[in-house]
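Undergrad: This note's numbering puts the sequence shown at residues 5 to 466.
Honestly, I wouldn't trust all of these hints.
So the derived label-pair ranges between C-beta atoms look like this [claimed, not checked]: (1) 23 - 119: 41 to 47 Å; (2) 203 - 39: 35 to 41 Å; (3) 369 - 257: 18 to 24 Å.
List time: in silico DSSO-like cross-link candidates among lysine-lysine, alpha-carbon distance up to 27 Å [unchecked claim]: (4) 347 - 226; (5) 74 - 226; (6) 213 - 74; (7) 213 - 34; (8) 402 - 347.
These are computed hints drawn from the structure, not numbers from a lab.
Glycine is no exception: its CB is placed at the ideal position from the N, C-alpha and C atoms.
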Amino acid sequence: MTFPAYSAYKESGVEWLGEVPQHWPVYSLKRTVDGCVNGLWGDEPDGENDIAVIRVADFERSFSTVGLDKLTYRSITTKEKQSRLIKSGDLLIEKSGGGEKTLVGCVVLFRHEFEAITSNFVARMRPLSDFDSQFLCYSFGTLYHGRVNYPSVKQVTGIQNLDAESYLQERFCFPLRVEQTQIARFLDHETGRIDALIEVQQRLIELLKEKRQAVISHAVTKGLDPTVPMKDSGVEWLGEVPAHWVVASLKWFWSVTDCKHITAEFVDDGIPLASIREVQSRYVALDNAKQTTEVFYRQLIEGGRELVAGDLIFSRNATVGEVAQVADWHPPFAMGQDVCVLKKQCQWLSSDYLQAVLRSPVVMVQLDNLMIGSTFKRINVEDIRRIIVPMPPQDEQKIIAEYLIQETEMIDSLLSEAQRAIALLQERRSALISAAVTGKIDVRGWQPSGRVRSPELEFEAV
5 MTFPAYSAYK
15 ESGVEWLGEV
25 PQHWPVYSLK
35 RTVDGCVNGL
45 WGDEPDGEND
55 IAVIRVADFE
65 RSFSTVGLDK
75 LTYRSITTKE
85 KQSRLIKSGD
95 LLIEKSGGGE
105 KTLVGCVVLF
115 RHEFEAITSN
125 FVARMRPLSD
135 FDSQFLCYSF
145 GTLYHGRVNY
155 PSVKQVTGIQ
165 NLDAESYLQE
175 RFCFPLRVEQ
185 TQIARFLDHE
195 TGRIDALIEV
205 QQRLIELLKE
215 KRQAVISHAV
225 TKGLDPTVPM
235 KDSGVEWLGE
245 VPAHWVVASL
255 KWFWSVTDCK
265 HITAEFVDDG
275 IPLASIREVQ
285 SRYVALDNAK
295 QTTEVFYRQL
305 IEGGRELVAG
315 DLIFSRNATV
325 GEVAQVADWH
335 PPFAMGQDVC
345 VLKKQCQWLS
355 SDYLQAVLRS
365 PVVMVQLDNL
375 MIGSTFKRIN
385 VEDIRRIIVP
395 MPPQDEQKII
405 AEYLIQETEM
415 IDSLLSEAQR
425 AIALLQERRS
435 ALISAAVTGK
445 IDVRGWQPSG
455 RVRSPELEFE
465 AV
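Taking the hints into account, I'd like the entire structure generated from these sequences.
TA: Below is the structure:
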């Protein structure tokens, strides 16, 4: 779908914005809202003065709206909430928070009618009468994706804070309200169509993930030959397994050794350390691993901790259950923190097979029951040793492992395709919004189509 450009443009005077339609004025963001009204966290609910408090966690960033799934209620006095109440059409801006990959300053639109205020990390911006709230929300989204807010972000003790006064000095282009509303209508319609396509891909991803788990689970509990005799495993949640398989604790087949609990010195050019973020794929990923000195490396591999091809590195903290193999092409490396190493008791045991078992529902259900901790889940090494695993004979382990590698690689390829499709749709969604709110395309004559069809994601001005 293509859209026309405006007939005449002018220089905006804003470097990143470039030219804008001739009749669109350019001025600071602060002229569009009544400022930023900071929120409040209040006290524990008391049953009398309780009110919904909108947190950053309630932001549905993909849709620039507020989600209602897990609302938090706090006790706020009448005096405190009087000037902080939010209403449908208000914009909410994240003033504190952010993260390593997420810049503070996201804006969402509040479209609900219930009584609420914002938390102390969120501020309310109420659009002035000459401005369409949905248009402003799309505009703030474009500014955010373009990192225009970055110069106004201050880092304090690991938390990002947005200098709202500074940010609202940024200049943007604004047509008259009637045109703002038309642009917002257009974007609601077109982004809704793109979002529907994204939802299809997301459902596909969930189905593929379920299929992946089902394929692994069946292979490591029932085998690949449907004609073999079965027996009761003696484990309620495991059910029947092939009669010639052994079902026992992991420690009877593989040793489990915790990492060394010492604080290693980190250097720029040394020996890699594998911690929880390095064990989330088939093989240990060392590209971005921290590195240590030869002296600390020698200490870290003491006590049977030297890593060899076929070993499995298992995460026992935070990302409990993630597991990756040590390959013969890896350079020398050691375990960092929060992981343990699994080593074969017999060399004929298959690393690929056990890795599949450890990632299957057979083990996941056990991990759920064994993990401790509230904020960060973890599991003790002794509990890992007690995990029940089904163990077929040597040849069958190899056959099952090869089958699962082939099947999961095919499913993973489909997953990657779906994820790439989502990334492309999201990119086009952002580009369409930016093109509309900056006047690169003219949608004044647009009307919604009477029939629904998949969007042609092409919108360059002609």
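Undergrad: None of the hints should be skipped; say for each whether it holds.
TA: Hints and how they fare:
no.: 1; hint: 23 - 119: 41 to 47 Å; result: holds (44 Å)
no.: 2; hint: 203 - 39: 35 to 41 Å; result: holds (36 Å)
no.: 3; hint: 369 - 257: 18 to 24 Å; result: holds (19 Å)
no.: 4; hint: 347 - 226; result: holds (25 Å)
no.: 5; hint: 74 - 226; result: violated (40 Å)
no.: 6; hint: 213 - 74; result: holds (25 Å)
no.: 7; hint: 213 - 34; result: violated (46 Å)
no.: 8; hint: 402 - 347; result: holds (17 Å)
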